[in-house]
Structure formats: C-alpha cells, structure tokens
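Chemist: Protein sequence lines, in the order shown, are assigned to chains X and P.
With my numbering, letter number 16 in the first sequence gets 16, and the count goes up by one each step, no holes.
With my numbering, letter number 149 in the second sequence gets 149, and the count goes up by one each step, no holes.
FYI, nobody ran anything at the bench for these hints, they're computed from the structure.
Some clues are possibly wrong.
To be verified - If you want a taste of the chain P side facing chain X, the calculated C-beta under 10 Å gives, among others: (1) F16; (2) G42; (3) L163; (4) R228.
What the hints assert, rightly or not - Quick list of in silico lysine to any residue cross-link-like pairs, SDA-like style, CA-CA up to 25 Å: (5) X/K27 with P/N192; (6) P/K35 with X/L62; (7) X/K12 with P/W174; (8) X/K27 with P/C172; (9) X/K201 with P/E265; (10) P/K92 with X/L39; (11) P/K262 with X/A105; (12) X/K27 with P/K92; (13) X/K218 with P/L10; (14) X/K26 with P/P184; (15) P/K155 with X/K300; (16) P/K266 with X/I200; (17) X/K218 with P/L195; (18) X/K223 with X/K300; (19) P/K155 with P/L195; (20) P/K155 with X/F29; (21) P/K267 with X/K300.
Computed from a predicted structure; not experimentally measured.
Note that CB positions come from ideal geometry on N, CA and C, so glycine has one too.
Single-letter residue listing:
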Amino acid sequence: MSKAKLHAPLIKLRQRFRSFLDRNRKKAFAYPYIIWMALFVIIPILLVMVYAFTKAGIGFTLENFSGINVYAPVFGRSLWLAFLATIICLLIGYPTALAISRTSARTQRIVLMMLMLPMWINFLLRTYAWMSLLENTGLINRFFGAIGVFELVNSIGESLSASWTPIDHFQMINTGGAVVLGMVYNYLPFMILPIHSVIIKIDPFVIEAAQDLGASGKTVFRKVIFPLSLSGVISGVTMVFVPSVSTFVISKLLGGGTDMLLGDLIEMQFLGAAYNPHLGSAISLIMMIIVVVCMSIMNKFGEGEETAVVM
Amino acid sequence: MKKNKCSGKLLMLLTFVFLYLPIAVLIVFSFNDSKSRTVWSGFTLNWYKELFSDRMIIQSLEITLLVSVLASLIAVVVGTFAAIGFFNMKKKWRSPLLTINNIPAVNADIITGVSLSLLFVSAGAVMGFDLGFGTLLIAHISFNIPYVILSVMPKLYQLDPNLSEAAQDLGCTWFQTIYKVILPEIMPGIVNGLLIAFTMSVDDFVISYFTAGSSVQTLSMAIYAMTRRRISPKINAISTLLFAVVLVLLIVVNVRQAQQSKAEEKKQKALRGQRAVSI
C-alpha cells in the first residue's frame, strides 16, 4: 500500500473533524460555563431539595414539611410586607419613570446615574442610616419635637380624653412600617429602571397616532403607554418582590428582629442558634415555589394584557 | 401638559430627596465629633484617621476589593465566551441553558447563598476544606456570570450576521474573526457586564455571608457584625469615601459618554445628509 493511500482516509477524517470543529468551536465556548452551571447552580439546588426531604440519621422523611405550619404567620407576614413594598414601589416608581422619560436625553442620563449612585453605598449602610432617622430619639422625632408637633398632638389628645398620656415621640422604628420603608427605599431603583427602559423604547409615533385618532391624554396612557410598558412593570415587580420577601437584614435592623420574616427564619436554620439545615432547606424550597408561582401568575397576566392590546 | 411636566419634575425631586436623605445623614455624621448618630456635636476628621488605623476594616476592604476584582474579571471572560457559545447554539439548546443561567439572577439571594453553602459544606466534609476565600470567590463568580451574559447577549443579537462571514471571506481565521471583529463589536456589552458584576460583588452581603465562613470577612460582613453591636462612625467615614470615589468615577464616565454620543450624533447627521443627497 502506498503512503498516500494510507493517508487518504486519515486526511479525510481530519477534514471532517475540522469542519465538525468549525461548526462546534463557537458552541464549545459555552462548555466550561455549562459545567460551571451544573456544579454551582444545579447541584446546589438539588442539594436543597435533598436536604428538605431528609433528616440526619433517618433518611427520607416529610417531617420537615409537616411541622412547617407553625411558621404560617411568618410566611403570611413576609408575603404581606413584601406585597405592600412592591405596591408602594410601583405607585412611586411608575410615575417617576414616566416623568424621567419625558425629560431631555441629557437630563435622563444624569437622572439615571443619580438613581444608581445610592446602590453603590453598601445597602447595610443605607438601611442603617434609616435607623438614625427613625429612632425614638432620632432625627425625624427631633425635628417633630423642634417644630412643636408633639405639643400640638398632646393638646388635641387632652382635649379629647382626660386619660391621654402625653407623647414625646412617634414609634417608628421596630414596626412593620419601618420594614416596608426599608424595602421601598432599597429596591425602588429596581422598579424605576426597568419601567423607564421600556417606556423610552415606545415609538413616539404610536402615541402620536393615538392622539391623532382622538384619544385624550388619559386614554393614551391607559390604552397605549401602560399596556406597552407592562413588561417593564413585570420585571420591576419581580426585582422588588423577590428580595423583599426574602430579606433578613432589613427586618433585623429596622424591625428590631422581633417580628420574624422568612429570611430571618432561614438564616436562623443555617447560621443561627437553631441550626437545622434540613428545616431551613424545606422553608427555602417552599419560598422558591411561592416566588415561582407568583411570577408565573404575573407573567400570565402580562401576556393576557398584551394580546388584548393586539386585538 | 405644562402642569403635568411640573408635577413630574416635583415627583422626581421628591424621589431623589427620599433616596439621598439617609445618605446625606450618613455623610454628615461621619464628621461628627461624638459617637452619637443623631446629635451633632462639632466637626472632626477623627473618624477618618481612626478608619485607616483599624486593621479589621482595612482588611475587610481589601478582601472585598480582591474578591470583586477577581470575580468580575473571571466572570467577564467565562461569561463572554459562554454568551458567544450560547448564541451559536440551536434554540432548542439555547433556551433551557439561558433559563438555567437566569436562576441565580432571579432567585432570592438567600436561596443562592444557602444552596451554595450546602454544597461547599458537604463537599468540604468529603474533600477536607473549609469555607473561606476560595468558596467566597466561587460564589461571587457564580452570581456574576449571569449578569455578564445578560448584558453581552443583546449585543450579539444586534451584530450583523454577515459581519463574521465577511471577515472570513477576507481571510480571517475563525479565531481572528472573534478576536478582531466580534469582540470589538460587543465590547460595550462586555464593559457593561464587567461594571455590573463588579458592583454586584462589592454590594453583596447575603451570599458572602453564607459562603465565606468565619475566617474571611468582606466589608459588608464587617458592617453587619458592627450593626449587631453599635456602629462606629468609622463606617460612616468609609462609606463617605466610597461614595466620593464612585461619584467622581460616574461623573468622568458621564462626561465621556456625553462626548461620545455628541460625536455619534454628528456622524449620524452627516450620514443622513449624505443619504438625502444621494436620494
């Protein structure tokens, strides 16, 4: 057999291998990350599931879930406070995003920078700063004292009932309201930014067309702008609700740690005194499911609206 | 319409007062001549002096910067290549992979932190390592990569598909195509991803808290430990410094961007003029 003949199939094989490589080379760029995801995204979540359904020394069990109704109030409180924070963020964030989108391009750039700047301050510090504002002897109460708000309230109170106990501060810190305030404060930019980015992409001619066809300012907003900005609203709501429902820092700092939230409960099971990663995993799993369900309902709602608009 | 605009401006102003009020308080009280965080007792720079002699804080700042720089750089390299890879896959493969990619970005931080800590603790028990800088770095890279991919992907979709073919026709090897054509085109997305990743790393507390163990401490963890006791105004001082640095950086970036977009506008105008002439 000649040398060339011997090599021909080899060369062909090499060529085929090369073209295979050519097609797959770019795909192959993703392989390291796919392995990474398997190791550090998939396996950890599977581990949470395994832990949730087992107990040390027993193996498979549903015990972690059967005892969980004790924590129903914690679930309820977390969902309620996160819901409130999300609604407030939406009520403040949407008009703000709309107002920003109506300014000049230069102003918009500066305003967006200013929105992101506070995020560069460590969020623990931002939350901590509220403590000094909200405390009983904090700056807001001092301010109220200085302008005589408490005297006014006391005189009104005394005239209404004889048994009025005079107050010298409003209780603001260590309340549910303070926790909601902390959530709104920390996550408001996450509501404004996605809504703004969707609104500025709306074709101005669409709005003009609606106006030409006789729609009033309100109708244009209700029938054109709002439906078209819904995808921004949905991502804003997600970006506020998810961290709000799972926070443990805000509730510790501003809620005084008395009213536990889901985050506190989970943290306690992993790093706190009540070390029980199995129970912690079960609670985490339920929280994940709640979040996924909430989000898919949101997305369904969004899709429906969009098709309604198309029709 | 005029009234509308005015109320819009007012709303923006109120939102910014709300966002900046606590930060202003934080900064003002970094110059306060007592430990109180509500009573002003005079101007001092003492807290800044003490800050630089506090080994615990300086060390945690070093750890934060080190882990943020390393994690965002590694995440940008891995993430950019992964984005190119995903982009060249069939949709059948791409969609589920992107969904998995989104998990850490969509999931609550505490879940990401807890699940990684379960992995590290159980793997550490088998292989004999403890939570520490290594696990902290892996955790940061993991939650950074999704943001890199999310900011690089759109740029890839914007690419003209003929571009890389043209490059290859003109004699580029496949590697040169990526290196000389694709990468420069998607560079804004890469830089954006790097910045987001770095910000995320610096700001992260929850995931670090669960994955760093007790031997290393990031700045956030140090601050958290201090809030459990009583924060010293030293922390106010360091956040004022960080704020100043970021402010200067943002102003520089903003000025540069304004110049760039002005140049871009001019170019567009010139092009439009040409087109009008040719028509």
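Chemist: Do the alpha carbons of X/K223 and X/K300 lie within 25 Å of each other, as the hint requires?
Modeler: Given that 25 Å is the threshold and the Cα spacing comes to 19 Å, the pair holds.
Chemist: Has the given pair, P/K92 with X/L39, been kept, meaning a C-alpha gap of at most 25 Å?
Modeler: holds (22 Å)
Chemist: Below or equal to 25 Å on CA atoms is what counts here, so check X/K27 against P/N192.
Modeler: holds (23 Å)
Chemist: Please work out if P/K155 and P/L195 have their alpha carbons no farther apart than 25 Å.
Modeler: Answer holds: P/K155 to P/L195 is near 16 Å, not above 25 Å.
Chemist: Given the hint that X/K218 pairs with P/L10, test it: the Cα-Cα distance must not exceed 25 Å.
Modeler: holds (20 Å)
Chemist: Please work out if X/K27 and P/C172 have their alpha carbons no farther apart than 25 Å.
Modeler: Given that 25 Å is the threshold and the Cα spacing comes to 19 Å, the pair holds.
Chemist: Holds or violated: are the alpha carbons of P/K155 and X/K300 at most 25 Å from each other?
Modeler: This hinted pair is violated, its Cα atoms lying about 28 Å apart.
Chemist: Measure nothing beyond the straight line between the CA atoms of X/K201 and P/E265; if it is 25 Å or shorter, mark the hint as holding.
Modeler: Holds - the C-alpha atoms of P/E265 and X/K201 are around 18 Å apart, at most 25 Å.
Chemist: Next item in the hint list is P/R228. Is there a CB on chain X closer than 10 Å to its CB?
Modeler: holds (8 Å)
Chemist: Quickly compare the C-alpha distance for X/K12 and P/W174 to 25 Å and report which way the hint goes.
Modeler: holds (20 Å)
Chemist: Decide if the proposed pair is consistent with the structure: P/K35 and X/L62, CA atoms, cutoff 25 Å inclusive.
Modeler: violated (51 Å)
Chemist: What's the verdict on X/K26 and P/P184, does the C-alpha distance respect the 25 Å limit or exceed it?
Modeler: With Cα atoms ~17 Å apart, X/K26 and P/P184 stay inside 25 Å; holds.
In this structure, the hints that do not hold are numbers 2, 3, 6, 15, 17, 21, in rising order.
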